[in-house]
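Undergrad: Now for the letters of each chain:
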Amino acid sequence: MAKKISILIVDDEESVRDSLYNWFIEDGYRVECAENAKKALTLLESDQFDIILADIKMPGMDGLEMLRRIKSIKPDSIVIVMTAFATVDTAVKALKDGAYDYVTKPFDPDDLTHLIRNATKMISLEDENENLRKKVITLENVEDLIGTSEAMKDLLREVESVAQTNSSVILTGESGTGKELVARAIHANSPRRFFPFVSVHCGALTESLLESELFGHEKGAFTGAMYNRKGRFEMADSGSIFLDEIATISSKMQVELLRVLESKTFIRVGGNKEISSDFRVICATNKDLKSMVEQGTFREDLYYRLNVVNIHIPPLRDRIADIPLLVDYFIKKYCTSMNKPPASIDISALKRLQEFNYPGNIRELENMIERAIVVGDGKRITLKDLPLEKTMVNSSTESLDDFEKAFILQILHKYSWNISRAAKALKVDRVTLYAKIRKYDLKPLDQ
Amino acid sequence: MSLPNITLISFGFFEQDFLEQIAKAVQAEFDFTVNIREGRIELGEYYDPARRQYNGNTLISIVDSMTFPESNKILGLFNVDLFIPILTYIFGQAYLNGKSGIASIYRLSNERYGMPKDEQILLDRTKKEVIHELGHTFGLIHCDNPICVMRSSTYLEDVDQKRQNLCHNCKTKLEIIF
Numbered sequence: 001m002a003k004k005i006s007i008l009i010v011d012d013e014e015s016v017r018d019s020l021y022n023w024f025i026e027d028g029y030r031v032e033c034a035e036n037a038k039k040a041l042t043l044l045e046s047d048q049f050d051i052i053l054a055d056i057k058m059p060g061m062d063g064l065e066m067l068r069r070i071k072s073i074k075p076d077s078i079v080i081v082m083t084a085f086a087t088v089d090t091a092v093k094a095l096k097d098g099a100y101d102y103v104t105k106p107f108d109p110d111d112l113t114h115l116i117r118n119a120t121k122m123i124s125l126e127d128e129n130e131n132l133r134k135k136v137i138t139l140e141n142v143e144d145l146i147g148t149s150e151a152m153k154d155l156l157r158e159v160e161s162v163a164q165t166n167s168s169v170i171l172t173g174e175s176g177t178g179k180e181l182v183a184r185a186i187h188a189n190s191p192r193r194f195f196p197f198v199s200v201h202c203g204a205l206t207e208s209l210l211e212s213e214l215f216g217h218e219k220g221a222f223t224g225a226m227y228n229r230k231g232r233f234e235m236a237d238s239g240s241i242f243l244d245e246i247a248t249i250s251s252k253m254q255v256e257l258l259r260v261l262e263s264k265t266f267i268r269v270g271g272n273k274e275i276s277s278d279f280r281v282i283c284a285t286n287k288d289l290k291s292m293v294e295q296g297t298f299r300e301d302l303y304y305r306l307n308v309v310n311i312h313i314p315p316l317r318d319r320i321a322d323i324p325l326l327v328d329y330f331i332k333k334y335c336t337s338m339n340k341p342p343a344s345i346d347i348s349a350l351k352r353l354q355e356f357n358y359p360g361n362i363r364e365l366e367n368m369i370e371r372a373i374v375v376g377d378g379k380r381i382t383l384k385d386l387p388l389e390k391t392m393v394n395s396s397t398e399s400l401d402d403f404e405k406a407f408i409l410q411i412l413h414k415y416s417w418n419i420s421r422a423a424k425a426l427k428v429d430r431v432t433l434y435a436k437i438r439k440y441d442l443k444p445l446d447q
Numbered sequence: 001m002s003l004p005n006i007t008l009i010s011f012g013f014f015e016q017d018f019l020e021q022i023a024k025a026v027q028a029e030f031d032f033t034v035n036i037r038e039g040r041i042e043l044g045e046y047y048d049p050a051r052r053q054y055n056g057n058t059l060i061s062i063v064d065s066m067t068f069p070e071s072n073k074i075l076g077l078f079n080v081d082l083f084i085p086i087l088t089y090i091f092g093q094a095y096l097n098g099k100s101g102i103a104s105i106y107r108l109s110n111e112r113y114g115m116p117k118d119e120q121i122l123l124d125r126t127k128k129e130v131i132h133e134l135g136h137t138f139g140l141i142h143c144d145n146p147i148c149v150m151r152s153s154t155y156l157e158d159v160d161q162k163r164q165n166l167c168h169n170c171k172t173k174l175e176i177i178f
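Protein chains in written order, with the numbering used here: chain A, 1 to 447; chain B, 1 to 178.
Just so you know, not all the hints are guaranteed correct.
As a list, the in silico SDA-like pairs of lysine to any residue whose alpha-carbon atoms are at most 20 angstroms apart [unchecked claim]: (1) A:K105 / B:Y89; (2) B:K173 / A:R30; (3) A:K4 / B:I141; (4) A:K71 / A:D27; (5) A:K105 / B:N145; (6) B:K162 / A:D27; (7) A:K105 / B:K173; (8) A:K333 / A:F403; (9) A:K290 / A:L258; (10) B:K173 / A:D27; (11) B:K162 / A:R30; (12) A:K121 / B:N55; (13) A:K121 / B:Y89; (14) A:K4 / B:S152; (15) A:K4 / B:K99; (16) A:K414 / A:P444; (17) A:K121 / B:K173; (18) B:K99 / A:D127; (19) B:K162 / A:T113; (20) A:K105 / B:T58; (21) A:K230 / A:E126; (22) B:K99 / A:E126; (23) B:K162 / A:H114; (24) A:K4 / B:N169; (25) A:K105 / B:N55; (26) A:K333 / A:K290; (27) A:K105 / B:R51.
It should be emphasised that the hints constitute simulated quantities derived from the structure, not laboratory data.
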């Protein structure tokens, strides 16, 4: 579907505004006019335009000053400046300040048509480039979905069949099982694959931040809202949105989310214009949403709206057969990224890896291999390179929380309680790590 | 709502046969009755000496102010060089979804470009330009189809390349309007 290009005309002469307005309207563009720079900047605060066609000589703020202000707010804006009094100096100045082009009034009709057509082409190329870039990232990540075990084959079959539909999906599974990878795989195999895959980590954001992240905000909506900003729902138009840790959202956000899912329309924080977006929702949680509904902590109507299809991702301990393949994959991945020659692994080390319980699932296995490549001799991974002894679990009576607590504590010690580095190693953000530290009341050894 | 009839007003001298053939082409394309009238305005008032051209914006507003009980679409046909303030020249213009449009044969003749006179080519080009501007008054925007009459044409070559008919898509849009 072709996007309708919008043009803002800024000129103090009414006849120029009217002429350009009529010309562009006949070409099917959405057109707005402003008689001075101040009005144009006000319009730009509440609306978005693909192309801004501005006169240089205007009473009050001139076109060049307006160009600088627009560029400081939105550097990728396409601004074409026009003047009746062309000088090389002003042309150079305008182009140096970021103008897309510079034209002298009156124009030849063909020049005007070509100018706008070229700018339009650039906009669609940029959009296409952005979508392709996102698609490449999505596809690269999908390659990480590895395994030939029966559990994995079942999962891949489910992914393939659900990808073709437009239904909402809830992915359940323990932490570290690769829920986001599965979400990306669903998107990459769906008819929406040429459009964005947008991921939101609901658990890492406070209620107000999540609201602004999902719906976007208008300039001045709150302290620090310097510019208009698109929300994730808007960014996911024609594509898919992945809401991770959906169980953590507040009851207010649950109501808001339900409304958006039903109408596919929303209003930016601090705004008043209804925006519509066509997106598919994929959610993930490691909590039991059904019992949260029974306890009254998760809305039943939202649960049924989201839970059209439920895919459960098995923990790594239930797909031991995939461990050799995963180990091989992670060795190659980290040797390449660390610029090292391909390493191999001892049979005994691999055997021990297959006996391990993996409370942190694939993420834990990946971290082990990464560590082994960092600390090992770079040629062969042996038992001594694997941190199995400290975390080996052979009792099935301990809870998942106990495993998680022990694992986080181990990583924190390893990185001397440097939260940023520990969070990076655990592949979670700092907010989540702080939340876990509070939850398990973890403290450094000397406290 | 009664179906619109179209009035074609000529400003300046045109052969009656020339006007009738244009009216016939318009009628065939839109399937509405076309009336031909002769307009009388003092064109000198709309002349811009600095540009040595006639102001298309003022002329279209004059045409738009005219009312004819039998029709609700009006097309003014001129034989002068038209301009609008932002463009060096125009072949014609119209109010999108409005009542009126204007067109001029001034830049449509071969002689203007140093080529031999050809009455048939001039007639064909004028038919296309008139149908194009009337298409805008019915709400049609420029079309990407290279042979559709609603294709934007800023050069004579563009006008010659297209046909005097609406493409299937534009015809469908027009049918939806009515």
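Undergrad: Holds or violated: K290 of chain A with L258 of chain A, Cα cutoff 20 angstroms?
TA: Holds, at roughly 17 angstroms.
Undergrad: Straight-line Cα separation of K414 of chain A and P444 of chain A no greater than 20 angstroms?
TA: The hint holds at about 11 angstroms.
Undergrad: Check whether the Cα positions of K99 of chain B and D127 of chain A lie no farther apart than 20 angstroms.
TA: 38 angstroms, violated
Undergrad: Given the proposed pairing of K333 of chain A with K290 of chain A, does the C-alpha separation stay at or below 20 angstroms?
TA: 38 angstroms, violated
Undergrad: Under the criterion that the straight-line Cα-Cα distance not exceed 20 angstroms, is the pair K105 of chain A, T58 of chain B satisfied?
TA: The hint holds at about 19 angstroms.
Undergrad: Quick one, are K4 of chain A and I141 of chain B close enough, alpha carbons at most 20 angstroms?
TA: The given pair, whose Cα atoms are some 13 angstroms apart, holds under the 20 angstroms limit.
Undergrad: Below or equal to 20 angstroms on CA atoms is what counts here, so check K173 of chain B against R30 of chain A.
TA: It holds: about 19 angstroms lies between the C-alpha atoms, which stays within 20 angstroms.
Undergrad: Has the given pair, K105 of chain A with N55 of chain B, been kept, meaning a C-alpha gap of at most 20 angstroms?
TA: Cα-Cα ~15 angstroms, so holds.
Undergrad: Given the hint that K4 of chain A pairs with K99 of chain B, test it: the Cα-Cα distance must not exceed 20 angstroms.
TA: It is violated: about 25 angstroms lies between the C-alpha atoms, which goes past 20 angstroms.
Undergrad: Starting from K121 of chain A, check that the Cα of Y89 of chain B is at most 20 angstroms away, please.
TA: Roughly 25 angstroms between the alpha carbons, so the hint for K121 of chain A and Y89 of chain B is violated.
Undergrad: Please work out if K71 of chain A and D27 of chain A have their alpha carbons no farther apart than 20 angstroms.
TA: At roughly 27 angstroms apart (the allowed maximum being 20 angstroms), D27 of chain A and K71 of chain A break the hint.
Undergrad: Given the proposed pairing of K105 of chain A with N145 of chain B, does the C-alpha separation stay at or below 20 angstroms?
TA: Status violated; Cα separation ~29 angstroms.
The earlier numbered hints that this structure contradicts are 4, 5, 7, 8, 11, 12, 13, 15, 17, 18, 22 and 26.
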